[in-house]
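Student: Here is what each chain is made of, one letter per residue.
Protein chains: 2
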Amino acid sequence: MADKKLVEQITSREEDFAQWYTDVVKKAELTDYSSVKGFMVIRPAGYAIWERIQEELDSRFKATGVQNCAMPLLIPESLLQKESEHVEGFAPEVAWVTYGGSKRLEERLCVRPTSEVLFCDYYSKVVKSYRDLPQLLNQWCSVVRWEKTTRPFLRTREFLWQEGHTVHATAEEAEERTRMMLDIYADVLENELAIPVVKGRKTDKEKFAGAIATYTVEALMHDGQALQCATSHNFGDGFAKAFDVQYLSKENKIEPVHQTSWGITTRTIGALIMVHGDDSGLVIPPRIAPTQVVIVPIQQNKEGVLDKAYALKEELVKAGIRVKVDDSDKTPGFKFADGEVRGIPLRLEIGPKDIEKNQAVLVRRDNREKLVAELSGLSTKVEELLQQMQKDMYERALSFQKERTTDAKSLDELVASIDKKPGFVRAMWCGCRECEDKLKEYSGITSRCIPMAQEEISDTCVVCGKKATKMVYWGRAY
Amino acid sequence: MADKKLVEQITSREEDFAQWYTDVVKKAELTDYSSVKGFMVIRPAGYAIWERIQEELDSRFKATGVQNCAMPLLIPESLLQKESEHVEGFAPEVAWVTYGGSKRLEERLCVRPTSEVLFCDYYSKVVKSYRDLPQLLNQWCSVVRWEKTTRPFLRTREFLWQEGHTVHATAEEAEERTRMMLDIYADVLENELAIPVVKGRKTDKEKFAGAIATYTVEALMHDGQALQCATSHNFGDGFAKAFDVQYLSKENKIEPVHQTSWGITTRTIGALIMVHGDDSGLVIPPRIAPTQVVIVPIQQNKEGVLDKAYALKEELVKAGIRVKVDDSDKTPGFKFADGEVRGIPLRLEIGPKDIEKNQAVLVRRDNREKLVAELSGLSTKVEELLQQMQKDMYERALSFQKERTTDAKSLDELVASIDKKPGFVRAMWCGCRECEDKLKEYSGITSRCIPMAQEEISDTCVVCGKKATKMVYWGRAY
Numbered sequence: 001m002a003d004k005k006l007v008e009q010i011t012s013r014e015e016d017f018a019q020w021y022t023d024v025v026k027k028a029e030l031t032d033y034s035s036v037k038g039f040m041v042i043r044p045a046g047y048a049i050w051e052r053i054q055e056e057l058d059s060r061f062k063a064t065g066v067q068n069c070a071m072p073l074l075i076p077e078s079l080l081q082k083e084s085e086h087v088e089g090f091a092p093e094v095a096w097v098t099y100g101g102s103k104r105l106e107e108r109l110c111v112r113p114t115s116e117v118l119f120c121d122y123y124s125k126v127v128k129s130y131r132d133l134p135q136l137l138n139q140w141c142s143v144v145r146w147e148k149t150t151r152p153f154l155r156t157r158e159f160l161w162q163e164g165h166t167v168h169a170t171a172e173e174a175e176e177r178t179r180m181m182l183d184i185y186a187d188v189l190e191n192e193l194a195i196p197v198v199k200g201r202k203t204d205k206e207k208f209a210g211a212i213a214t215y216t217v218e219a220l221m222h223d224g225q226a227l228q229c230a231t232s233h234n235f236g237d238g239f240a241k242a243f244d245v246q247y248l249s250k251e252n253k254i255e256p257v258h259q260t261s262w263g264i265t266t267r268t269i270g271a272l273i274m275v276h277g278d279d280s281g282l283v284i285p286p287r288i289a290p291t292q293v294v295i296v297p298i299q300q301n302k303e304g305v306l307d308k309a310y311a312l313k314e315e316l317v318k319a320g321i322r323v324k325v326d327d328s329d330k331t332p333g334f335k336f337a338d339g340e341v342r343g344i345p346l347r348l349e350i351g352p353k354d355i356e357k358n359q360a361v362l363v364r365r366d367n368r369e370k371l372v373a374e375l376s377g378l379s380t381k382v383e384e385l386l387q388q389m390q391k392d393m394y395e396r397a398l399s400f401q402k403e404r405t406t407d408a409k410s411l412d413e414l415v416a417s418i419d420k421k422p423g424f425v426r427a428m429w430c431g432c433r434e435c436e437d438k439l440k441e442y443s444g445i446t447s448r449c450i451p452m453a454q455e456e457i458s459d460t461c462v463v464c465g466k467k468a469t470k471m472v473y474w475g476r477a478y
Numbered sequence: 001m002a003d004k005k006l007v008e009q010i011t012s013r014e015e016d017f018a019q020w021y022t023d024v025v026k027k028a029e030l031t032d033y034s035s036v037k038g039f040m041v042i043r044p045a046g047y048a049i050w051e052r053i054q055e056e057l058d059s060r061f062k063a064t065g066v067q068n069c070a071m072p073l074l075i076p077e078s079l080l081q082k083e084s085e086h087v088e089g090f091a092p093e094v095a096w097v098t099y100g101g102s103k104r105l106e107e108r109l110c111v112r113p114t115s116e117v118l119f120c121d122y123y124s125k126v127v128k129s130y131r132d133l134p135q136l137l138n139q140w141c142s143v144v145r146w147e148k149t150t151r152p153f154l155r156t157r158e159f160l161w162q163e164g165h166t167v168h169a170t171a172e173e174a175e176e177r178t179r180m181m182l183d184i185y186a187d188v189l190e191n192e193l194a195i196p197v198v199k200g201r202k203t204d205k206e207k208f209a210g211a212i213a214t215y216t217v218e219a220l221m222h223d224g225q226a227l228q229c230a231t232s233h234n235f236g237d238g239f240a241k242a243f244d245v246q247y248l249s250k251e252n253k254i255e256p257v258h259q260t261s262w263g264i265t266t267r268t269i270g271a272l273i274m275v276h277g278d279d280s281g282l283v284i285p286p287r288i289a290p291t292q293v294v295i296v297p298i299q300q301n302k303e304g305v306l307d308k309a310y311a312l313k314e315e316l317v318k319a320g321i322r323v324k325v326d327d328s329d330k331t332p333g334f335k336f337a338d339g340e341v342r343g344i345p346l347r348l349e350i351g352p353k354d355i356e357k358n359q360a361v362l363v364r365r366d367n368r369e370k371l372v373a374e375l376s377g378l379s380t381k382v383e384e385l386l387q388q389m390q391k392d393m394y395e396r397a398l399s400f401q402k403e404r405t406t407d408a409k410s411l412d413e414l415v416a417s418i419d420k421k422p423g424f425v426r427a428m429w430c431g432c433r434e435c436e437d438k439l440k441e442y443s444g445i446t447s448r449c450i451p452m453a454q455e456e457i458s459d460t461c462v463v464c465g466k467k468a469t470k471m472v473y474w475g476r477a478y
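Heads up: the protein sequence lines correspond to chains A and B, in order.
If you're matching positions, the first sequence starts at 1 in UniProt numbering and goes up one per residue.
If you're matching positions, the second sequence starts at 1 in UniProt numbering and goes up one per residue.
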């Protein structure tokens, strides 16, 4: 039996979802508060998840020709102000450096909230001819936005992310790249993190400051609230014109480039917690889990038990499985609970009786399914279980998303549906900003996206009753 | 023949070493200047080298139990001031954030110049008992120090690095860890970057602000100046006492922890350039090279040439070699020079005549050695050449270092030796700060380290003539 004390310190999801989230983050040792308000320490257990997410993304980016680089941390105020929509979006929430050593700076420098202007400045110098295109750059870094209220991973004044910035000769290529990167995000979220997403385009109200089109992948959390997991923007040639990023075409004409940017953040870890976690703590999908199997020796002081545990670890590691042995001086019950809180996908128990019978006990984290496996062929069995668990977790999340997605033909129906059973509501929209504003003011509900996969639910806008142009996913969001 | 125009844009090393360095950094597209003075853009070619260095270090760190994490970017002024030696060392050169959005902050926050105080603050919360020790954390990030004069990689206001911070139950463990990490730096520098180093301890004058002992690996650049490549510090319990990082021992006593920190920076890329580069540009040791082989198709428009080039690439990639095909519309001569400037270890030329004869031409970057290889067994031949080149580059650098290391028994001899043929001079020292100050003031020469491998060159200090206690490596340094 898992030690109850550890588990009891976690509030139940149904009782208080926000408190449950905070408890899991704390008990699974993912983050800690720091001495600066709104800034978090990402502890090793949290950072290891981020490293796994990075690996999956980075290799996919590189396979499409993207290269990594590093831009400066600081941006001069005058550079930030070059693109007017962009500066309006970000200036109110940046941190300003005003002193270097004991000397007051002549111009204020902001800590990057995002690096479009730095990439533009760079591209304006290195792009000269069509031969220099496309440029496909990315950086992994942290950015700072001076948010008022913060929560670990979901909204913090500093967060880790990657930001890709590309420039292209044609508008078609830029649009293609924008969608290609969205597909990569969807792939990693669905196939690695087991988080089903809705792919779509943001409305003009919700799009990125300076973009002509923002695409998004939206997921549903266990409390029925939506979370924007990643975005990909097509800037057209707006930034290019503001920053003079232009090239000499094959036809010998000076043309502005067409630009994109795309990013995903440590917020993804928040999504992972809120999609898969349960009242015993975190549940990490096997493919993304830094540790996939924790081996718990039973009666570990008896001769041969620890040796067997280490030998099994070796065997599993050889098969490419990520394993640790919990050989601390705690009780097995404590170790069970500890492995559960941390969300390790599979627990392997091995004790004197198991050794005698040439077997081990395997317990799945997601559904607590327990089975006895022969030691011969153990790594194959473990691999099978991990694969099955990955599949089951995705399907469970997809069922939940489907169950929490309803259609509405009127405003009352839309709001009542979300109030009663929080989730996505699919409903038609006329395309005007006023309807979005009205709905948000009235109910706190926002447009999540105009999905790629369109259906015609009715003819008229759910808010104003005028002719509808698009089907939209609506919801309350983090 | 390599295109002369490209190569001619690089100043010769002997003519003006500083200008040569700047030219190589620019022509190999490693960095670019940014819109903020003293901050650099690390371009893809430069960043790819850093990624390779990171891979080699990170896997070695993790093999010793180190885990990665992320600490905040900003430090409150009051926290920075808790350890008095440390704040004295860093406060004059930090950047200060004074506004968050439009609001003036109640307390100034500095952009981290290094994160000792953040790790201490964190450890003071999470370390409670001997069971929580050791804590072995590291982070990869950038730091900011407001330097007056800057040069790409060597001295910049922002640089990338890793900083490891560990806490231990005993002084012995902390000392062991400090030296273990120095050994890892030496291993990566010598065996991956082909840079021979002298391992030693810094004198009190040269050690890190707040440390009781700083260890260093020092290398010699082609101009005979020394470069400190990485450092590892033992802090004893000084920080622990200032920050209340203490634990309950097995004997039930409250004890302060013993702490270390260790770091290596993008400066290493500067060392790589200055140790191995030549008048045609960069020369990257094969093991660290992002691209190990560039395939240059000759008469690439002739049928079958490009296909053969791609097929050879596939074959080499399968053997684990990092390869690219230069299929741009430039001339072969331009491509040869371009591959040379960028320091790609091996060039493979393949044209219609080669295909007819079932052969390819291979040219080593380091010594221009050219040989014709049969296509059958090509990947084995390429692997051999890369290994040989790695070995030769290290040995060439080691010979240079030996040739530029002399012994001196008097102050005149020491200074004359370095003035005549810049390099290391080994000479005895009494151990007092005054002698170091005097030497530096008089000649600009500083103590590089007290090497682990001590020899007794004479009985008396080379500066004051009093009894000598240590043999020291002296030199002029970057």
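Treat the hints with care, as some may be off.
Listed below are the simulated DSS-like cross-link pairs for lysine-lysine, each with C-alpha atoms no more than 30 Å apart in a straight line [to be verified]:
(1) B:250 with B:207
(2) B:26 with A:82
(3) B:353 with B:324
(4) A:409 with A:324
(5) A:62 with B:26
(6) B:381 with A:250
(7) A:27 with B:103
(8) B:353 with A:330
(9) B:381 with A:308
(10) B:148 with B:207
(11) A:207 with A:26
(12) A:27 with B:353
(13) B:250 with B:125
(14) A:324 with B:62
(15) A:103 with B:324
(16) B:421 with A:27
(17) B:409 with B:391
(18) B:207 with A:26
(19) A:253 with A:125
(20) B:353 with B:62
(21) B:205 with B:466
(22) B:207 with A:324
In short, the hints are calculated from the structure, not lab data.
Student: Hint by hint, say whether it matches the structure.
Tutor: Consistency of the hints with the structure:
1. B:250 with B:207: violated (33 Å)
2. B:26 with A:82: The given pair, whose Cα atoms are some 27 Å apart, holds under the 30 Å limit.
3. B:353 with B:324: Status holds; Cα separation ~21 Å.
4. A:409 with A:324: violated (53 Å)
5. A:62 with B:26: Holds - the C-alpha atoms of residue 26 of chain B and residue 62 of chain A are around 24 Å apart, at most 30 Å.
6. B:381 with A:250: Not OK: residue 381 of chain B and residue 250 of chain A at ~41 Å, beyond 30 Å, violated.
7. A:27 with B:103: violated (34 Å)
8. B:353 with A:330: violated (71 Å)
9. B:381 with A:308: violated (44 Å)
10. B:148 with B:207: Holds, at about 21 Å.
11. A:207 with A:26: violated (33 Å)
12. A:27 with B:353: violated (68 Å)
13. B:250 with B:125: holds (19 Å)
14. A:324 with B:62: Since the Cα atoms of residue 324 of chain A and residue 62 of chain B sit roughly 14 Å apart, the hinted pair holds (cutoff 30 Å).
15. A:103 with B:324: violated (48 Å)
16. B:421 with A:27: Since the Cα atoms of residue 421 of chain B and residue 27 of chain A sit roughly 61 Å apart, the hinted pair is violated (cutoff 30 Å).
17. B:409 with B:391: Violated, at roughly 34 Å.
18. B:207 with A:26: Judged against 30 Å, a Cα distance of about 38 Å means the pair is violated.
19. A:253 with A:125: Given that 30 Å is the threshold and the Cα spacing comes to 18 Å, the pair holds.
20. B:353 with B:62: Cα-Cα ~49 Å, so violated.
21. B:205 with B:466: holds (19 Å)
22. B:207 with A:324: violated (38 Å)
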